[in-house]
Amino acid sequence: MKKAVALISLSAAILASSQASAVTITLACGAVGQELELCKAGAARWAKKTGNTVKVFESPNLTNDRLGLYQQQLAAKSSDIDVYQLDVVWPGLLAQHFVDLRGKVPASEVNAHFKGIIDANTVNGKLVALPWFTDAGLLYYRTDLLKKYGFKAAPKTWTELALMAKKIQDGERKTNKAFSGFVWQGKNYEGLTCDAMEWLVSFGGGTIVDAKGNITINNAQAAKALDTAASWVKSISPAGVTTYDEEAARGIFQAGNAAFMRNWPYAWALGQGKDSKVAGKIGVAPLPSGGARNAATLGGWQLGVSSYSKNQAAAISLVRYLAGPEEQKIRAIQGAYNPTIQSLYKDKDILAKNPFFGSLYSVFTSAVARPSGPTGAKYNQVSQAFSTAVSDVLNGKMKGQQAVAKLATDLARIKGRGW
Amino acid sequence: MTVQVPTPARPRRTRGIEAARARQALWLLLPTLIAIALVAGYPLYRTFYFSLFEANLTNPEQRSFIGLGNFWFTTQEGVALGFLQDPKWWGAVKNTLLFTVVSVFLETVFGMIIALVVNSAFRGRALLRTAMLVPWAIPTVVSAQMWAYLYNDSFGLIGRGLLGGQAVLANTDTAIWALIAVDVWKTTSFMALLILAGLQSLPGDMYEAADVDGASKWTQFWKLTLPLLRPALLVALVFRSLDALRVFDVMSVMLGNVNAASTSMTGYARQALIDNQLLGMGSAVSVAVFLIIMVIVVIYVTAFRVKFD
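Protein sequences, first through last, are from chains G and L. Residue numbers 1 to 419, in the UniProt record's numbering, belong to the letters of the first sequence in order. Residue numbers 1 to 309, in the UniProt record's numbering, belong to the letters of the second sequence in order.
These are computed hints drawn from the structure, not numbers from a lab. Keep in mind that a hint or two might mislead.
With a straight-line Cα cutoff of 25 Å, these simulated DSS-like cross-link-like pairs (lysine-lysine) come out [what the hints assert, rightly or not]:
(1) Lys94(L) / Lys399(G)
(2) Lys406(G) / Lys212(G)
(3) Lys397(G) / Lys94(L)
(4) Lys406(G) / Lys94(L)
(5) Lys329(G) / Lys115(G)
(6) Lys88(L) / Lys397(G)
(7) Lys234(G) / Lys397(G)
(8) Lys353(G) / Lys329(G)
(9) Lys415(G) / Lys88(L)
(10) Lys156(G) / Lys167(G)
(11) Lys224(G) / Lys212(G)
(12) Lys147(G) / Lys353(G)
(13) Lys88(L) / Lys399(G)
(14) Lys40(G) / Lys55(G)
(15) Lys224(G) / Lys234(G)
(16) Lys88(L) / Lys406(G)
(17) Lys281(G) / Lys348(G)
(18) Lys147(G) / Lys167(G)
(19) Lys148(G) / Lys281(G)
Everything numeric in this text was worked out from a predicted model, so none of it was measured.
Make the full structure from the sequences, and use the hints.
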């Protein structure tokens, strides 16, 4: 007993002293140019305030690669990284490795965020991470080209989009051979899962696996959604769209070589940048409907504190600062990163810089979650099986009907004895 | 019972010295053997061990023994769970073997031609020998990325320029040939170097004699060079085949990890182990990759009597 008391007081003393003296926190965040800059700048502001130091660890750009790296770090119980940037679909996968922030962060601070996102970060009552920014798929379009070809508004349905894209593409190809109508994320990875979820839901084809864990993918509407997307490849989208990720699509759109693009909100600020050929000519709209509704996939990133961190108190302080209103406002203005704090959507400075934030508010709040909740630790396998099936349809290896039937078998196999 | 056979003293003493030397050698080797056991043996043992368990990568402590269930298991509802029942695994095996056979064959043929050219005396030979190693010296990750740009359908020199906007990497069926091209471009020079080393050990007077006897260059190549080059060629073949069988980086960089899993055995193993966190399944796949490569090595070494010394 005495020993235990001594040990506790000793560790408390060490903890206290570590809080008192400046520590170095390692923060893992994205490595795309602007994202990294904003991450570094935010971390530096916190460091200046608290007298601590922050080292920024540059994670791989693609979310699948990032997860692989994080899992290795966490499985080894490595203390190298204190704060991780987590994708919205990961909390179920990684919950056991993160500090429960409930109780360590004031409830008022937690409740300022969108409830849906806080729910997505809560696993069995444990708050795994604090939301940093939210994401939802958007349709970007060229306002100048729409006007040039006599269209008054952004397309409301996929059929309309295909017609408009075709007309603009045919016209523009006369002077620019590299021009294409519509670019999106067709590479076989998590990004394709997001895009294809939007098609599925917009056609009323369900969400692959429903909230109860039943496999619902094998239905006619889902097949129709995939066939529709496949019809775009090589007609309004380049053949190589099946190798594009977010950055590849943005590169083409920003070079002025596409009329429409599906991407996340971050593309807005970059599209208005100095090196962008389409600055001032970009419009943003909700993604078209396939007959059932308009659907955007919920994305977004959170910040969690590793249980293996040696400086948890400082790490929590960093997370609270970065996820706080002040920092979210800066990021919204400089990078068009969507705040997760409700009140910021009424902020004049933010709306002046990102006019679409206000009008597309409902897109962000009603975004469709990927089935990471019901499938838990097996989500990644589900997502890969899904994106592979979609990829097969896009590449013409299979028809939609055949692909969703095969996918249902694959998912049953992954489900095995249960999610 | 024992019969004292009088043996001559001399050979026995020699054997004694040899035995002592062998013992000494063993002691000197011991640190290396321990190091190998620690850095190679132990992980290998753990891989075999985990292949018999159902375990999660992020939490290996919680595991349950399922025997060969990772390899072959059908549930009562008829759902096949073993990876040997997964068509994607067999697709990966097929693609890896295709990749290995075609790329090693092409590299050997081209490597031989380059080695023969570089072996003859001409001005700037030394420069050429250095220059031909450049592709091989570039890290695979870098060259793979470079080729991925070349194959890009909207701005790539090959994808846009030669193929007129086709996306060869989009489909795993066409991508495998694009990958073979990259591997041949990269590793032919290594093959040429190995063959060149073999060529330079061939005696020059043999060719003079052949010339005197009136043998054509063609006959000289088939009757003299090729048979004498066989040992060097086989060692090179074994090296390259093993390398090609465990190919990973080119696929991973150029196709992304999800598609790489259907083009290479190691990619499939990585996906199971890292992306899907299935420690047991991933280990089982790794064991299978190990066994496949081992069988191929044994076939090579016994069928062709390769001597490594």
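Hint-by-hint comparison with the structure:
The hinted pair formed by Lys94(L) and Lys399(G) meets the criterion: a straight-line CA distance of about 24 Å does not exceed 25 Å. Annotation: proposed proximity of Lys406(G) to Lys212(G) holds, straight-line Cα distance about 21 Å (limit 25 Å). With a CA separation close to 18 Å, the supplied pair Lys397(G) and Lys94(L) stays within the 25 Å bound. Of the supplied pair hints, the one linking Lys406(G) and Lys94(L) holds, its CA atoms being roughly 21 Å apart against a limit of 25 Å.
Under the criterion of a C-alpha separation no larger than 25 Å, the hint pairing Lys329(G) with Lys115(G) is consistent with the structure, at around 19 Å. For the hint linking Lys88(L) to Lys397(G), the alpha-carbon distance of about 14 Å falls within 25 Å, and the restraint holds. Straight-line distance between C-alpha atoms of Lys234(G) and Lys397(G) comes to about 15 Å, which keeps the hinted pair within the 25 Å bound. Proximity of Lys353(G) to Lys329(G) is assessed by CA-CA distance (about 11 Å); at most 25 Å being required, the pair is judged to hold.
Note on Lys415(G) and Lys88(L): the hinted pairing holds, with a Cα-Cα distance of about 17 Å set against a maximum of 25 Å. Pair hint Lys156(G) plus Lys167(G) holds up; C-alpha atoms about 16 Å apart against a cutoff of 25 Å. For the hint linking Lys224(G) to Lys212(G), the alpha-carbon distance of about 24 Å falls within 25 Å, and the restraint holds. For the suggested pair Lys147(G) and Lys353(G), the alpha carbons sit about 23 Å apart, so the restraint of at most 25 Å is met.
With a CA separation close to 19 Å, the supplied pair Lys88(L) and Lys399(G) stays within the 25 Å bound. Taking the CA atoms of Lys40(G) and Lys55(G), the gap is about 9 Å. The hint holds against a cut of 25 Å. A C-alpha spacing of about 18 Å is found between Lys224(G) and Lys234(G), which places the hinted pair at or below 25 Å, so the restraint holds. Between Lys88(L) and Lys406(G) the CA atoms are separated by roughly 13 Å; this keeps the pair inside 25 Å, and the hint holds.
A distance of roughly 22 Å separates the Cα atoms of Lys281(G) and Lys348(G); the hinted pair therefore holds under the 25 Å criterion. Simply put, Lys147(G) and Lys167(G) have alpha-carbon atoms about 12 Å apart, close enough for the 25 Å limit, and the pair holds. A threshold of 25 Å between alpha carbons decides the hint, and for Lys148(G) with Lys281(G) the separation of about 12 Å falls inside it, so the pair holds.
When each numbered hint is compared with the structure, no violation occurs for any of them.
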